[in-house]
Amino acid sequence: MDPVKIIEVKQSVFADNDREAGEVRAMLKKDKTFLVNLMSSPGAGKTTTLLKTIELLKNDVKLGVMEADIDSDVDAKKIAGAGVPSIQLHTGGMCHLDAEMTRQGLAEFHAEELDFVVLENVGNLVCPAEFDTGACRNVMILSVPEGHDKPLKYPLIFTVCDVLIINKIDVLPYFDFDMQLVEQYAHMRNPKLKIFPLSAKTGEGFEPWIAWLRENIAAWNR
Amino acid sequence: MHEMGLTDAVLKMVDGILEKNGCRGASRITLEIGDLSGVVPRFVRDCWEAVADGTKYEATELVLETVPGTARCLDCGREFTVNLDDLVCPDCLGRKLKPLTGTDMTVKEIEAY
Numbered sequence: 005m006d007p008v009k010i011i012e013v014k015q016s017v018f019a020d021n022d023r024e025a026g027e028v029r030a031m032l033k034k035d036k037t038f039l040v041n042l043m044s045s046p047g048a049g050k051t052t053t054l055l056k057t058i059e060l061l062k063n064d065v066k067l068g069v070m071e072a073d074i075d076s077d078v079d080a081k082k083i084a085g086a087g088v089p090s091i092q093l094h095t096g097g098m099c100h101l102d103a104e105m106t107r108q109g110l111a112e113f114h115a116e117e118l119d120f121v122v123l124e125n126v127g128n129l130v131c132p133a134e135f136d137t138g139a140c141r142n143v144m145i146l147s148v149p150e151g152h153d154k155p156l157k158y159p160l161i162f163t164v165c166d167v168l169i170i171n172k173i174d175v176l177p178y179f180d181f182d183m184q185l186v187e188q189y190a191h192m193r194n195p196k197l198k199i200f201p202l203s204a205k206t207g208e209g210f211e212p213w214i215a216w217l218r219e220n221i222a223a224w225n226r
Numbered sequence: 010m011h012e013m014g015l016t017d018a019v020l021k022m023v024d025g026i027l028e029k030n031g032c033r034g035a036s037r038i039t040l041e042i043g044d045l046s047g048v049v050p051r052f053v054r055d056c057w058e059a060v061a062d063g064t065k066y067e068a069t070e071l072v073l074e075t076v077p078g079t080a081r082c083l084d085c086g087r088e089f090t091v092n093l094d095d096l097v098c099p100d101c102l103g104r105k106l107k108p109l110t111g112t113d114m115t116v117k118e119i120e121a122y
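Going line by line, the protein sequences match chains A and B.
Counting from 5, one number per residue, gives the positions in the first sequence under this note's numbering.
Counting from 10, one number per residue, gives the positions in the second sequence under this note's numbering.
What the hints contain is simulated information worked out from the structure, not anything from laboratory work.
Each residue gets a CB set at the ideal place from its N, CA and C atoms; glycine is no exception.
Any given hint might turn out to be false.
[What the hints assert, rightly or not] Calculated pairs, BS3-like style, for lysine-lysine (alpha carbon to alpha carbon, straight line, at most 30 Å):
no., chain 1, residue 1, chain 2, residue 2
1, A, 198, B, 105
2, B, 107, A, 198
3, A, 14, B, 65
4, A, 157, A, 36
5, B, 65, A, 196
6, A, 9, A, 33
[Claimed, not checked] Covered, in the sense of this in silico footprint (three residues per stretch, anywhere, with C-beta under 8 Å from a C-beta of chain B), are these stretches of chain A:
no., stretch
7, 41-51
8, 99-112
9, 126-140
If we strip away everything but chain A, and leave its shape as in the complex, we get (with noise of 0.2 Å):
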């Protein structure tokens, strides 16, 4: 029988994934890239969101797509015909990416020859929020149906976030949602939070998300 010792160890699981983060960070940086993690449940229209903004930058910003889902590539195909490259990620039945898998994306797909790439992560509200990318800035999709009180029920994303893209303003009539109180619930949860309320259908509201991006493109990569 072996001698048994005991190793201390008190490492920290999450901080593994925050330094690989800060690394991919670091990366980007000096490849002038810059990357969003997009986030959102599933449904609030995130590919359709990202659809209408890539009409509104490929003209002049060299931009690609990184889609995370579980098994399908039903979203890079659509992104595919927007005509941007895109690149389907698989988390293998992960509900979320982790900066790993970040890096190996990033790393096929060539990203350094991109000024700006979006991760458009796994439709869910709880887990991308835990695990840093190591993406530039985060930005979430809350859609008008889903209901004005999920800053309470989900505290955690709006904390980690940047921007706060509210989806499906042109149904705002049919809904009893508070634009408000999600705005006050919002802040009550990230002060510094910025919120666009827009519809990705009309693209009503475009145009502040779409000028914040092109000032933040240009901050990172210069």
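Following the hints, complete the assembly by docking chain B onto the known chain A.
Using the frame of chain A, we list chain B on its own:
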């Protein structure tokens, strides 16, 4: 599913630590799971069985210890024990809280051979 990724990360971390210490395997691994980490210990146990299956950790005992969550109220400054279902200050009912402990999941120690 969330716990799956975490337990897989634990396994890889333990692999690295054993190698660094010149050990071949582990008879016991102790994890600390914070009450505010959002990690469910029961699920970690189930996932561990799945990720350890067919590896050298099949017979490793997994010990799970929980760490209470504490927070400070940013309105009145009071520090108190808190859980995820009830994120409110017991004194002033403030909801702006800064978590102090219990947000992490750590590998505490490994009994290795």
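Do the hints match the structure? See the list:
1. With a C-alpha separation of about 18 Å, the suggested pairing of residue 198 (chain A) with residue 105 (chain B) holds against the 30 Å cut-off.
2. For the hint pairing residue 107 (chain B) with residue 198 (chain A), the CA-to-CA distance comes to about 21 Å; that is within 30 Å, so the pair holds.
3. Restraint check for residue 14 (chain A) and residue 65 (chain B): the C-alpha separation of about 22 Å stays at or below 30 Å, so the hint holds.
4. Between residue 157 (chain A) and residue 36 (chain A) the CA atoms are separated by roughly 36 Å; this puts the pair beyond 30 Å, and the hint is violated.
5. Proposed proximity of residue 65 (chain B) and residue 196 (chain A) is contradicted: the alpha carbons are some 47 Å apart, above 30 Å.
6. Only pairs whose Cα atoms come within 30 Å are accepted, and residue 9 (chain A) paired with residue 33 (chain A) is rejected, the gap being roughly 43 Å.
7. With a threshold of 8 Å between beta carbons, the proposed coverage of the stretch 41-51 of chain A by chain B is violated, since 0 of its residues qualify and at least three are required.
8. Counting residues of the stretch 99-112 of chain A whose beta carbon lies closer than 8 Å to any beta carbon of chain B gives 3, which meets the minimum of three for the stated coverage.
9. With 4 residues having a Cβ less than 8 Å from any Cβ of chain B, the stretch 126-140 of chain A passes the three-residue criterion, so the hint holds.
Taken one by one, the earlier hints fail for this structure at numbers 4, 5, 6, 7, listed in ascending order.
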